[in-house]
Every structure is written in C-alpha cells, then in structure tokens.
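Please construct the entire structure, taking both the sequences and the accompanying hints into account.
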Amino acid sequence: MMPAPQAPGLSPSRRLFLLKIQACMDYGFSVIGMAFNGMLQAAMGLPVEFFFLLSVLSVVTAFVAQNSLSRKSDKHGDRIPYIMLSRSMQVCSTLLIAFIRVEWIFIVTVIMNGIVSGESTANIIVYELIDEKQKLLDPREAARLNKSKEFSKYRIFGSIGWSWTAPFGGMAIKALNGMHGDPYFGYTVMYCISAAGMAATAIFLYRIVHGYKRAVPTTILTNKAQDALATISTSRFYMTTAFAMLVSSTFLYSMSLAMQSNPFAKYLRDGLDAGEDYYGMLMFLWATAEVPLFFLSSHLVKTRGWKLLILLSFLFHEVKLVVFSIVSTPAGLWLVAAVHVLNPFGISFPARTYAITNEIARDRKALGMTLHDSFSALGSLIGGILGMLIAGNLGIIANTMPGYQYFFGISIGLTACAIAVFLAIELVARVRKRALKIGKQRTGKTSPRFIG
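Take the sequence shown: its letters are residues 201 to 652, numbered as in this note's numbering.
Read the hints as simulated data drawn from the structure, not as lab findings.
Mixed in with the good hints there might be a few duds.
DSBU-like, lysine-lysine: derived pairs with alpha carbons at most 35 angstroms apart [as the list claims (entries may be wrong)]: (1) Lys220 x Lys353; (2) Lys220 x Lys349; (3) Lys349 x Lys633; (4) Lys333 x Lys502; (5) Lys507 x Lys335; (6) Lys353 x Lys507; (7) Lys335 x Lys349; (8) Lys220 x Lys507; (9) Lys353 x Lys502; (10) Lys349 x Lys637.
Shown next, in the form of structure tokens:
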C-alpha cells in the first residue's frame, strides 16, 4: 500500500492532536444552536406529526445523497470536499433558523444537513490517521496500539465541548427570550454565535486536513485463495454474521429511538413544563457521561468484544424509556435527569465504529459506515412514518402526556425486539460455528456457503 501524502510539517500524530482541539470547539459551538431545534419547535407550538415528518425527510435526503458520496470518497480517497460541504451546510442552516422561524425553514435545513454526514467523514479521517500513526511505530508498539482507545481520545474532546457549553446555551436562550418584544430573541442571538463559531472551526479543520488524502488500498494477490479471501473481507463484508447482527439490531433500535426522540422535546416542554435551561442541563449530563463511558468502551472492546457493549447500550436505552413512560409530572424531572447518565451512545459508539472500521470492513471504511448508517436511517424512516400514522390516529391526544407515554411504550417494545434479534443471531452463529467445527473434524472440509 502506498503511503498517503501528508502536508508539510503535519505528521499523523500532529493532525490527531489538532483534530481533538477542533472537535472540542466544533461541538461546543454547534450545541448552542441546532441542538435546541426541538425546544424551539415545541415553543412554536408545532405538532408531534411535524417532528416525525422532519425525521423522515432527513432520512430520505441521506438515502439519496450520502451513499453515492461515500463511494466516491472511498474511490478517490479525498475526504476534504465532503466534510467542508457538510460544515458549510450546517453554518447556513443555523443562520436561516436564527432569522426565519416558520415551519418550512425547518424542512429546508433538514434537507441541507442530510446531504452529507460530516461527522461520519471526520470519524473516518481520524481512524485513517490512526492507521498511518500505527505504521510509523515499531512492531511491538504497533501491536499494543488500541485503535478504539485512540479514537475515543478524539471523540471525548467533542463530548467535553458539548457538555460544558450546553447548559450555558440553554440558560442564555431562556434569559434572552422576550427581549425587544421577540419571544425567540435568545434563539436568534445564540444561533448566530453558533454559526460564527462553526464557521471558524471549519476553517481550522481545513487547515488541519489540507493536503491529506487517503491512498486507495492495493492488494498483491499471489493465488486464487488470497483473491477469494480479499473478496470476502472487502466487497462482501455485508454478508458476514457480525454485520447482519449489527445492522439488524441497529435497525430496530433506530425505530425505537425515532419513537422516543421525536416527541421528547414536547414531552419536556408541554408535558413537564421544562425550559431551555433544563434541556441544556440534560445535554450536559448526557455528554459528561460520555467521557467515562467512552474510556470504558474502548477498554472493554479489546477484552470483552464489541457485542457485549452494543447489548449494554440497548439495556441503557430500555431503562431510560421506562422512566420516561412513568414520569408524568414536573415532580419527576429529577429522575428524568438522573437516567441521562445512562448514555447508550457513549457505551456503543466506540465499539460500533471499531467493529466496522477494524473488523468488518477494514478496507471499505466509508462504505461500511454508510451501509450501517443506512440501516440505522431506514429504521428511523420507518419509525418516523409509523409515528406520523400513529399521531394522526391519536389526533389531539398525540400532543398530550398520554400520547407521549404511548410513543414511549412502543419504543420500549421495539428496543426489546432489538435485544431479542441481537441475541438470536449470536446464538444461531455459535450453533453454526460449532456445527462447522464438528463437520470439519469429521470430513476435513468446511462449507463454502457460510461466511463467518
């Protein structure tokens, strides 16, 4: 494999260090803007159906644009245009919402942000730089390098930026709302600050990655057996049991998440009478919990494997859903806040990313991530459509506490299905593996039809 060209003076380690600083700044500025969209929409009195509609539009846009862009990114190895396009869309959409507060502007901005996933592209760049860093180490140090832990060091800086900015953003929005006769003045001010900050960090990001281009991997094949192995490990990674287990459970989990997340802002604001300051505090707890969970996940993925961590994330989500379905008065706000430390994303993301980029699709990282994200998006799509249909049938009840609890109940059931499917595929895989082992011992052959 030919080494990737590097910009003068920037080694892979140096780029990784600067990307950590950039992630902290970028997440910090972004959270005081678009992260409060749900509370803004709830304050505007938009119905639950509209929340589900936005999630559906986001998924449809991603399906149309992101899969083709990821293939081009893998083919040419140039990630920079895609991540810069994403950052530009984020800045423009934040400014639009800052000054235009009508229903259709949310539709426009959702489509803009769905064209390309800047976060996925950034994650891929980080993992590729970790690969380059590993190549420069001596064999012993390279063997000891924990790629998942290295990646978590980068992502944790994003969590730090997110966690310490979110509560101040929420308090500022609530304090400024109503000034100059504008009930949404706080949103205008903070969204403008958010857009300016994201623009500055985008320039910083460009300076960091300028000149970076991943070399398209080449493989020297010596015989037909190696050719077949390369085909299985790259082009057909999507036929493996591990990938099937990951995406099928993720699909159901995403349906569950759509059922919970879309009405959640209205559940807080209209059902529990919580404001932007409380919402900012929830994001602080959620993001702060990511830091130890990222480290824990990065350690356990090497000793216990990624499957245990994915299963644990489902259990975290299930506990939170049970609490949401029980709490129906402002007196229970403390309990809603308490369960936010059970961060499913924090425990699963390092494991999920490591599984795809280092075990399942090592030579097709962007395609592997995008296919996984596509199944996740498909779950969100079906969950969003199902949510719209349910909200339509519930009528006015959908925008009341019984309606919110109804959605949470469906989400509980879908998460239970995700856990059941995950365990069932693992059980079947172990039984088949054992059967193949016994068959090999008896005949000395293995079945070519099964890709483990």
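Taking the hints in turn, this is what the structure says about them:
This hinted pair checks out: Lys220 and Lys353 have alpha carbons roughly 8 angstroms apart, not beyond 35 angstroms. For the given pair, Lys220 sits about 13 angstroms from Lys349 by alpha-carbon distance, which is consistent with the 35 angstroms threshold. About 30 angstroms separates the Cα atoms of Lys349 and Lys633, which keeps this hinted pair within 35 angstroms; it holds. With a CA separation close to 19 angstroms, the supplied pair Lys333 and Lys502 stays within the 35 angstroms bound.
Distance hint between Lys507 and Lys335 is fulfilled; the C-alpha atoms sit about 28 angstroms from each other, no more than 35 angstroms. With a C-alpha separation of about 21 angstroms, the suggested pair Lys353 and Lys507 falls inside the 35 angstroms cut-off, and the hint holds. Simply put, Lys335 and Lys349 have alpha-carbon atoms about 17 angstroms apart, close enough for the 35 angstroms limit, and the pair holds. For the proposed pair Lys220 and Lys507, the alpha carbon gap of about 27 angstroms is at most 35 angstroms, so the pair holds.
A C-alpha spacing of about 16 angstroms is found between Lys353 and Lys502, which places the hinted pair at or below 35 angstroms, so the restraint holds. Of the supplied pair hints, the one linking Lys349 and Lys637 holds, its CA atoms being roughly 33 angstroms apart against a limit of 35 angstroms.
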